[in-house]
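Colleague: Starting from the known structure of chain E, fit chain X onto it as the hints suggest.
These protein sequence lines map, in sequence, to chains E and X.
Note that this note's numbering gives residue 196 to position 206 of the first sequence, counting from 1, and the numbers run on in steps of one.
In this note's numbering, each residue carries its 1-based index in the second sequence increased by 35.
Because the hints were derived from the structure by calculation, they are not lab data.
Just so it is clear, CB atoms sit at the ideal spot from N, CA and C, and this is done for glycine as well.
Incorrect hints may appear among the rest.
Okay, the calculated beta carbon distance ranges per label pair [unchecked claim]:
1. 110(X) / 29(E): 25 to 35 Å
2. 24(E) / 105(X): 21 to 31 Å
3. 443(E) / 94(X): 31 to 41 Å
4. 124(X) / 326(E): 30 to 40 Å
5. 240(E) / 41(X): 16 to 26 Å
Below, in silico cross-link-like pairs of lysine to aspartate or glutamate (EDC-like), each with a Cα-Cα straight-line distance of 16 Å or less [claimed, not checked]:
6. 37(X) / 132(E)
7. 92(X) / 520(E)
8. 52(X) / 29(E)
9. 51(X) / 123(E)
10. 37(X) / 247(E)
11. 37(X) / 254(E)
12. 52(X) / 123(E)
13. 44(X) / 132(E)
14. 75(E) / 81(X)
15. 136(E) / 41(X)
16. 44(X) / 21(E)
17. 397(E) / 425(E)
18. 75(E) / 21(E)
19. 136(E) / 81(X)
Covered by chain X, per the in silico footprint, the following chain E stretches (three or more residues, Cβ under 8 Å) [unchecked claim]:
20. 75 to 87
21. 122 to 129
22. 407 to 421
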Amino acid sequence: MSYFRAHVLVCAGTPCMLKGAGAVKDALCREIERAGLQEEIRVVETGCLGPCDDGPVIVVYPEGVMYSKLKPEDMAHIVQQHLLKGRVVENLVYRAEKEKAKSVVSLEKKGYLDRQYRIVLRNCGRINPDSIEEYIANGGYEALGKALTAMTPEQVVATVKDSGLRGRGGAGFPTGLKWSFTAPIDADQKYIICNADEGEPGTFKDRLILEGDPHSIIEAMAIAGYAVGADQGIVYIRGEYNLSIERLQRAAARAREMGLLGKDIFGTGFNFDVQIRTGAGAYVCGEETALIESLEGKRGEPRLKPPYPGVAGLWGRPTVVNNVETLANIPPIILKGAEWFRGIGTERTPGTKVFTMLGDIANQGLIEVPMGITLREVIYGVGGGIPNGRGFKLAQTGGTSGGCLPKEFLDLPMDYDTLAEAGSALGSGALLVIDDSHCIVDVLRSFMKFFQHESCGQCTPCREGTFRLYELFSTLAAGEAGQDDVKLIKELCQAMQLSSLCGLGQSAPNGVVTAFQYFEDEILRHAAGECPAGVCRNLSAGTRAV
Amino acid sequence: MKSLDELAKIRDEARKKLEIRDGESGEKTKIIVGMGTCGIAAGARETMGAVLEELEKRNLDNVLVTQTGCMGLCEQEPILEVEIPGQPRISYGKVSADKARQIIARHVVNGNIIGECGINR
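Excised from the complex, chain E in its bound form (with noise of 0.2 Å):
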C-alpha cells in the first residue's frame, strides 16, 4: 500500500453517472497515470454528494474541494493544477462551494454542505459503498455491537421510541410504537421488510442512499430483527433501481462473509439475515399492505385494515415495515442515544428530513436539514433561489400527493404536523419548486395524469375518481369547461378523500383541494375561458398577473 496525500471523490450516484461520471472517472485516472501520481492519489468511487444537477460532482481531499459539471477533458487540467501543483481550478468550483474554494491551505466553512445536518447522508459521499471497511472505519456495525451485547430487545425499542423518530416513508408514524406493536407478539416467524419502493414522483432519495450507504440499511434492519425478534430481513426494492440493488447485494454479501449477517452475530446466538427482492414499477405497492400483497406473488392491491402488519403481515405473521431513510436513522440513535436525536429538529418531529429539491431552484439535488426549518431557508439558502430572475408561485412538498402551498407559506416551518395542518404532507421529502411562468390548471392536470395512470382500480373512488379529474382538468385547460364542473372536481376530491381505500385514492386529491384553498382565483379563472399565466394554450391570457 502507498501512502496516498490525497483521495478523489467521484460521485457515483445515479444522477452524475447518467451525467458521465463513470467517463469523467476515467479521464481522471488516465491523466493520474500519465501525471505519475498513481501512487500519491487515491481515486474513490463513493454515493450521492447533492448536486445532482450539477453533476458528474468530485470532491478531492483533505481540501474538501468539489468540483461540478464535469467534462472528461477537464480532467487533464485537474489533474496538472490542483492534483500536481496544489492550485484550485476556480472555474470548475461547483457555484455554492466557491467562498470557501478560494486557497487550498487554508478553508472556511460556509459552502453547500456546510448549511445541512447530515445523519442519515453521514456516509453519503464520504465512503466508497462498495467497501464494508469504509463504513465500519465511520463507526458502522457499532450500533448493532452494541444492540446485541449491551442490551436488551425492550431497551431498544424503548430507545427508539424515546428518540421521537417518525416514519419518513409520508406518514411519519412513530417507528418505537410500531416495533412495540410487533415485540411482544409471540409468533414462529417475524420479518423485517425495508420499503425501497420509492414511487412518488420527484423523490430519489431512497435510492440515493442505498447507492451511497448501504450497509447503514443492512445494519438497522439487523438491529430491529433484534427489536421485534425477527430472524429475515427483506428489502423490497423498485426494479428500476439497478445500481441501488447491485450494491445492496454487494453489501449484503460482504456483511454475511464477514459473519455480521447470518448465524450467531457477535457470538450472542442471534440470527438475521437480509435478501432483497425487486418489484416492477406499480406506485400502490409503497403502501405496505399493497407491498406485503406483491411480496406473496399476488396482484399489489392494499389490504383492509385491521389487521395491521405489525400484526399480521407477510405470510400473516408480524412484519415491521419501515421506509430507508428511516432505518437509516436507527444506528446513529442506537449509538448516541434518544437524547442526542430529540436534539436536533422539533419537539413534535425530532431529527432531520432528506429532500429532493427539483422544478425551478438553482441547486438541484439531494439535501438534509433539521426538522422545522422554514420553506424560506431551504429554497433561498441551500437551495439557492429560484433561477432566471422569476418569482416564487408554489412548492409543493410531499411529492405528488402532497399540497400546494403559496408564498405566504414560506416561513413555514416543516414538520409532519405543522405541514398536514397547511393541508399539504412532509410526505416522502420530494420538494418541487414551481415559479411564476406555471399555470395552476396546467400543473394539477399533470398530477392527475400520474395518479389516474397508478390507480390500482380495486376501489371505485379511487378508480374512477382519479379518471374522472383528469378529465375535468383537462376539459378545464382546453377551455372547456363551466362553473359546474369546478362544482363537480370539489365534490369529487371529498368523495375520494373520504372513501378510497388506501392512502393513495385518499391523498391523490391533496394538490386540488389545496390549489383550491390558494389559487382559487386562477382555477375559476379557467372556467371563464381565460388563463392568466397564458399556458393554457386555448384560452385568452390574462389582463392581471396572479
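Modeller: Using the frame of chain E, we list chain X on its own:
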C-alpha cells in the same frame, strides 16, 4: 464477527486510511511542499515522493501532506514546510529527497527543528 473488540480492530485499521477525508483540523501536523513550476524543476516531485514513502514506512498517521505554489524564493526550491500544532511553521529550503527523510525523522517524529536547513524569514 464474534465481538465488539474484533470490530474495533477493523475500525481502527480502516480509520487511518480515511483520516484524510476529515480535511484540516488543528490537531494534525501539516507538511507542505512547494509545487510551483520552479519547485518541480528543482525536484519537488522527488521530495514529495520521499515524504510519502517515509510516512508510509513509519506508519505515521495524523499527518496531512499538501502542496503550495511558488512563494517567491525560487532559488531555495524545493521548499518544504512543517507545521506542528501549537508551533510556528518552519520552512526548509533546498530539500532533496534525503533531506526530506531527515526532516520527517528529526522534526516531524522527534520535534527537533533542523536549524541549518531552515530558511530565515
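Colleague: Next step is simple, just say for each hint if it's right about the structure.
Modeller: So, going through the hints one by one against the coordinates:
Distance hint check: the CB atoms of residue 110(X) and residue 29(E) are about 29 Å apart, consistent with the given range 25 to 35 Å. For the hinted restraint 21 to 31 Å between residue 24(E) and residue 105(X), the CB-CB distance of approximately 23 Å keeps it satisfied. For the hinted restraint 31 to 41 Å between residue 443(E) and residue 94(X), the CB-CB distance of approximately 60 Å leaves it violated. Between residue 124(X) and residue 326(E) the beta carbons are some 37 Å apart, a value that agrees with the proposed interval 30 to 40 Å.
For the pair residue 240(E) and residue 41(X), the supplied restraint of 16 to 26 Å holds, since their beta-carbon distance comes to about 22 Å. Proposed proximity of residue 37(X) and residue 132(E) is supported: the alpha carbons are some 12 Å apart, at most 16 Å. The hinted pair formed by residue 92(X) and residue 520(E) fails the criterion: a straight-line CA distance of about 77 Å is larger than 16 Å. In summary, the hint linking residue 52(X) to residue 29(E) is supported, as the alpha carbons are separated by about 14 Å, within the 16 Å threshold.
With a C-alpha separation of about 11 Å, the suggested pair residue 51(X) and residue 123(E) falls inside the 16 Å cut-off, and the hint holds. Straight-line distance between C-alpha atoms of residue 37(X) and residue 247(E) comes to about 13 Å, which keeps the hinted pair within the 16 Å bound. For the suggested pair residue 37(X) and residue 254(E), the alpha carbons sit about 8 Å apart, so the restraint of at most 16 Å is met. Pair hint residue 52(X) plus residue 123(E) holds up; C-alpha atoms about 10 Å apart against a cutoff of 16 Å.
Proposed proximity of residue 44(X) and residue 132(E) is supported: the alpha carbons are some 12 Å apart, at most 16 Å. For the suggested pair residue 75(E) and residue 81(X), the alpha carbons sit about 14 Å apart, so the restraint of at most 16 Å is met. With a C-alpha separation of about 13 Å, the suggested pair residue 136(E) and residue 41(X) falls inside the 16 Å cut-off, and the hint holds. Among the hinted pairs, residue 44(X) with residue 21(E) is inconsistent with the structure: their alpha-carbon atoms are about 36 Å apart, more than 16 Å.
A C-alpha spacing of about 11 Å is found between residue 397(E) and residue 425(E), which places the hinted pair at or below 16 Å, so the restraint holds. About 14 Å separates the Cα atoms of residue 75(E) and residue 21(E), which keeps this hinted pair within 16 Å; it holds. Among the hinted pairs, residue 136(E) with residue 81(X) is inconsistent with the structure: their alpha-carbon atoms are about 47 Å apart, more than 16 Å. Check on the region 75 to 87 of chain E: 3 of its residues sit with their Cβ under 8 Å from a Cβ of chain X, so the three-residue criterion for coverage holds.
Coverage of the region 122 to 129 of chain E by chain X holds in this model, with 6 residues showing a Cβ closer than 8 Å to a Cβ of that chain against a need of three. For the region 407 to 421 of chain E, the stated coverage by chain X is not satisfied: 0 residues place a CB nearer than 8 Å to a CB of that chain, which falls below the threshold of 3.
This entry does not satisfy hints 3, 7, 16, 19, 22, going by the numbered hints stated previously.
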